[in-house]
Each structure stands twice: as structure tokens, then as C-alpha cells.
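Chains as they are written, first to last, in the working numbering: chain R, 3 to 338; chain C, 7 to 364.
Hints were generated in silico from the structure; no laboratory data involved. The structure displayed is predicted, hence computed values, not measured ones. Don't take every hint at face value.
[To be verified] Over the 12 Å line for every Cβ pair with chain R, so calculated as not near, a few chain C residues: (1) GLN33; (2) PRO75; (3) ALA77; (4) VAL90; (5) GLY97; (6) PRO198; (7) GLY318.
[What the hints assert, rightly or not] Computed spacing ranges between beta-carbons, pair by pair: (8) R/LEU330 <-> C/GLY234: 39 to 47 Å; (9) R/THR8 <-> C/GLY284: 44 to 52 Å; (10) C/PRO127 <-> R/ILE244: 54 to 62 Å; (11) R/LEU36 <-> C/ARG326: 53 to 61 Å; (12) R/LEU174 <-> C/LEU350: 29 to 37 Å.
[Said to hold, decoys possible] Quick look at which bits of chain C chain R covers, simulated, 3 or more residues with Cβ under 8 Å: (13) 120-128; (14) 244-254; (15) 270-281; (16) 290-302.
Beta carbons: idealized from backbone N, C-alpha and C, even for Gly.
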Amino acid sequence: MKADRTFWIVPLLVLLTVVAAAVGLRTGAYPLTLDGAINALGQLWSGGVAQTAEERVLLDIRGPRVLAGLLVGAALAGAGVVYQGLFRNPLVSPDVLGVSAGAGLGAVIGIFLSLPALMIQVLAFTIGLATVALVYLIAVAVRGRDPTLVLVLGGVVVGALAGAAISLLKILADPYDQLPAITFWLLGSLASIRGTELWNVLPAVLLGLLPMVLLRWQVNVLSLGDEEAKALGVEAGRLRAIIIAAATLMTASVVAIAGVIGWVGLVIPHIARMLVGPNFERLLPAAMLIGASYLVLVDTLARSMARIEVPLGILTAVVGAPFFLWLLWRGRHGWS
Amino acid sequence: MRIDRRQVMFGAGAAALLFPQSALGSQAFTDSGGRKVMLPDRVEKIFASGGPAAVVVYVMRPDAMIGWPRAIRAEEASYLLPEVRDLPKLGMLSGRGDTANVEVVLRTRPDLIVDFGSVRPTYISLADAVQNRTGIPYVLIDGRFEATADSLRTLGKILGVPERGEMLARYTEDLFDRLDRALSAIPENERPRVYLARGPNGLETGLRGSINTEILERAGGRNVADAGGQRRGIVQISPEQILVWNPDIIVTWDRNFHARIQARADPVWASVKAVQEGRVYLAPTAPFGWIDRPPSVNRLIGLAWLASLFHGDRFPFDFRQETRKFYKLFYHVDLVEAELDTLLTWADGRPPGAPNPR
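Chain R on its own, in the form it takes in the complex (with noise of 0.2 Å):
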């Protein structure tokens, strides 16, 4: 009976989504018709550029914007799942490691230099990989110890430092001119997104969401701990580093884009865990989808609240925070 239920679940999920996404199309400061809409789909299909504004808007802001809503909820959410299980541990986000803190710095190092938008994207990726790369090489030449803790810890210490590095940038940032814009990048948002960048990251993250669906079987060996997957013939370590590196390639392509987003790869995959369970394979796609759905909503309320664009990580938190105390209170995690 359960696995006909859990069956069910990934199906109705992609139709959450699905309606998620229709209803972030629907919802924006400029009204569309149902004709500009379909005049616009007609423009999209036969490869034209969007000619009037109501075109416009739904083809390359409106959009993209949704594209990327369901991108960046569904790579920190599937990061949260990976990092959970292979941490073993529920307080675990796709951070943990660093990634949002280095690409934070990153971004910050390019608003402080005055580059141009694009520029300041790429750093923001660039220093993400490289703070989990230098954390994971901290953990290797720690050799002796429990490989996830010295992990976990070398993400805290060089998430610490790169923290320090964004304060003292921010201290010196041109308080009538870079301060707010970075402030806005360390709060998250969806509202400089264009079809160019959702391309530009697209590929990184499928390419980090690759060994995920070919090794899931390993990943679940994994969660239980290194003993038993070696008793199972997995090897702990090598298989650690490809699944940490693809996590990373996740969460920093959209990090570049969309700013530092909190609690949805930490929340998102507990909800996962209540409707399917542990096991990875179904997981994974079940807390991409809430994590697709979710942000694309939460998106979809910071832009229509008001006038002005609510910063998602405000949001997010807000929403998520009294639930994850929830789910604490309920004291069911799925863990068991």
C-alpha cells in the first residue's frame, strides 16, 4: 500500500508544479489578455522576437523569470536532498559547504569593483566552487578523522572567513551606491533574470544533476553510513567527492544568478522526506518539484506584494522558518 501511495505522489507533484507555474504566468504588475498570451506563445513557437509589450513581457520577462523560479527552487532544493543524505544529517543545507557564502563574496567583490552585471554573475559562480574546493582539500589533508565532520567544519571556518570578507567589503563599499545593491545580491532575487542567463546556467546545472540520477542507488548506500556502504561495495570517498562536486556545480550556477536564497534546500527536502520516504530515487525528483513549486510561488508574491520587489531571502525565511519549527515540533522526520 505505501509504495502505491508514494507512486502517486511524484505524478501529482508535476502538476503542483505545473499549476505553480501558470499561476507565477498569470500574476505580474502588467495585465495580459488571454489574446496577447496566445499571440505571444504564437511568437514563441514560430521563433519570432516578442513585437508588442504585452509579448514582451511574458517572453522575456515574465517568462524567463518563472524558468528560472522552477530552475533555482529545483537545484537548491535536489542540493538539500544530497547534502542531507550524504551528511546524514537533517540540519544540513546546500550552504554547508560554503558555496553561498564564496559566490556572496564573489558577487560582492564585483558590485565593490563596479563590473558590469554579467561579470559580477561570474564571480560570484567562480569564488562559490572555489570555497567548497578549498574545503573539501582542508578535509582531505585532515586525514584520521570523520571525513563529514572535518567537512562540515571546514565549511563553517571558511564560511566564517568568507563572511568576514563581505563585511569588510561592505564597510568600505560606497554607502550611497554599492551598499544597497549589495545588500539586495545577499537578500536574493529573481528580477534581473533574462532568458540569456537562464541559458548560461542551464547546462551547469544538469550537468551537476547527471551523476545524481546515474549514481542514486549509490547515494542511498551511502546515508547509511560509510561501514555499511563499503560492506556493500561502494566506496565512500570518491563517490563523497563527485556527489559534493555536482551539489556544488548546483547550487553555484544558481546562486549566480538569483543571490543568496536561504531554507529552501533546507526545508524542502524535509517535506520531501514526509510524502515519499528516504529512499533517494524517489527523493530526489519529489523535492526538486515542492522546491520548483515553492519558489516559483514565493517568487511570484515578492513581486506582486507591491510596487517594489520584496527581496526572496525575506520571504523564504518568513515561510519558511515557522514550518521547519514545525516539522521540529512534530518531531517526524523520516529519519527512522
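Starting from the known structure of chain R, arrange chain C on it as the hints suggest.
Frame of chain R; chain C shown alone:
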């Protein structure tokens, strides 16, 4: 600023009792925050608490400057007097991005700390706190645009250059008068709708009523980012909202953003009325920003420039002559032709360091 004689006497007596050897002098002064401050007899060294204060102190008494909130950049240096270009970076005091070390401030032995900006209870209490801790008189001067003339006069008096304060206040009043006369003929609904683009992608702006955008309304524009006066400050905007507002004019000082939308590379911005009609303006930022950054008296030249951009012939503005006059009056520099050319092409959309358009 009228000073009550009894206050002076009481103040002097109190100061003599409380601070027999200190720098606190014998002249009582009530600052814009309603704080009573005993001014020193002679002001030789002034610590500016932040960006806006540094601009007014430089304008008033460049000889008394002891540092800048941030180091002067190469492209800004030639528009400042040689003796202040290399002054050290001392950071900021009192809540406006508190980066100055109070001990460093003390070691520079300023006679007076000047703060120029909004006069809110927070800043009043911080001013008191710094003054109590350092024993250096701290004056808080109203930095709002409308208060500029009065503030310049006040500063002239307390910094020992009343004639200079009076002259600059007259310049300001004359500019505001000319503006008011030109604008009185233009009803609200005929004024251009303006968007002030900030940040690397142009999606940050200041809401109507914030200190960062008050120059738009003063120059006779209507800020499209109007939240009904409920909120102020710098906010983020979605590109969709830009299309809804469809501003007649876009003003920015961010060169990257300006170059990007001038190239019409971005279809969203390219469809905005201001871009299609070629009314996207880049404000120079040397030695200080023309429209903001920091929000201080440096905005006066930008005010006249913007008014002429918004209203054309109704507010005549001879770029070379007005710029030369303003830089001479306020910044103590005689611009050479090459420097004027740099500013002119900058305001024309080609900042220094940018490649020439093909």
C-alpha cells in the same frame, strides 16, 4: 542663526566650569537637531562625519580638512584642490556606516565634528554620544535640499567664513528662484516622468520622498517610483514594473548600466519610451556625484543640469559656463578646457575610460 545672549553667557560659564582646559569654547550654538553646542573660538581642523559632510566642509573650508570618508579616486582628483587630494581615508562616524576609529579621530585633534544630513532622533542621540565620548563639539546640520541655503549660511558662521557662506547661499537661492519661476508655468501633469536607475542592472531606485531622489522633483520631474509616500529609501524594482511605468526619461550614474541600455542589447529596456526617444542621461561623478552620491551640495550643479534636460529652453543652462562657475565657486578649481570637455562628454553619455562610440 540668532544666538540668545543669556545662552551665550550661561554656556560660557558652564563650559568654563566643566571643561576648563578643553577645546570647547565660548560660543553657544544651537544646531539643526536643537542641540546646544559650545563652539571653539577658532576652527583649524574639522572632522567630517560622512560623505555629505565631507563635501560641505571641503566647499567651506578646504584648508581645515583632515581626511576623507573614502580615498579620492584618480579621475576625481583633478577636480579638487591639490592639497586635499591625498588626505587620508578616515572613515565615517555615528551610524552613517560607522567605520571611523574614535581614537584615530582624537589623534587628528579636530576642533569640530561636522555632520550633514537628515536630522532624526537617532542621529541626534549619536551626535550626543560622540561628543560626550570625545569632548569634541559635534554639530548636526540639516542636509535636506530645501534647507541648503540656510545650512550654507549656518556653516559659514560656525566655520569662520560667513561671507563665503552668504555667497554660496545666495547662489543656491538664485538657482532655486530661477527654477521656481521656470517651473511655475509647467503644470504637474506636463512634467516628465523620470526613473532614477541605480545598481549594476538599473533595477534599484529611490522612492519618491527619499533623499536619494528629491532632486528629480526639485528639477521639475515626476519620480515614477511613487509608493504614495508610505515608504522611502532605496528599493528594488522588477523589469515588468519599468514597462508599466514606461518613464519618459531615465537618469543614472552607473556607466555599465548606461552603456548596456544605450547599446539596446536588452529588449526590455529597449522598449521603454525613454530609451526609444534617446532620453537616457548619464550624470558625471567627479569630483562628487552630480545628482546623488553623496546627497550633499554637490547636487546643485546636477539640479540645474537636470532641469535643463527635463524642460529644455524653459530652463536655459549653458553647460560650460555654469559648470565652470559652480566648480570655481564651490570646489575652488579653475577648470581648464580639457576638464570641461571631459565633463561635457561625460554628461553626453561618454564617461572617461569608456571606448568611443563607433
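Structure-based check of all given hints:
1. GLN33: At about 32 Å from chain R, C/GLN33 clears the 12 Å cut-off, so the statement holds.
2. PRO75: Nearest chain R Cβ is 9 Å from C/PRO75, so the label is violated.
3. ALA77: 10 Å, violated
4. VAL90: The claim stands: C/VAL90 keeps its Cβ more than 12 Å from every Cβ of chain R (closest is about 19 Å).
5. GLY97: 8 Å, violated
6. PRO198: 20 Å, holds
7. GLY318: 28 Å, holds
8. R/LEU330 <-> C/GLY234: 39 to 47 Å: 40 Å, holds
9. R/THR8 <-> C/GLY284: 44 to 52 Å: Since R/THR8 and C/GLY284 have Cβ atoms about 60 Å apart, the given range 44 to 52 Å is violated.
10. C/PRO127 <-> R/ILE244: 54 to 62 Å: 57 Å, holds
11. R/LEU36 <-> C/ARG326: 53 to 61 Å: 56 Å, holds
12. R/LEU174 <-> C/LEU350: 29 to 37 Å: 31 Å, holds
13. 120-128: violated (count 0)
14. 244-254: holds (count 6)
15. 270-281: holds (count 4)
16. 290-302: holds (count 5)
Hints 2, 3, 5, 9 and 13 from the earlier list are contradicted by this structure; the remaining hints agree with it.
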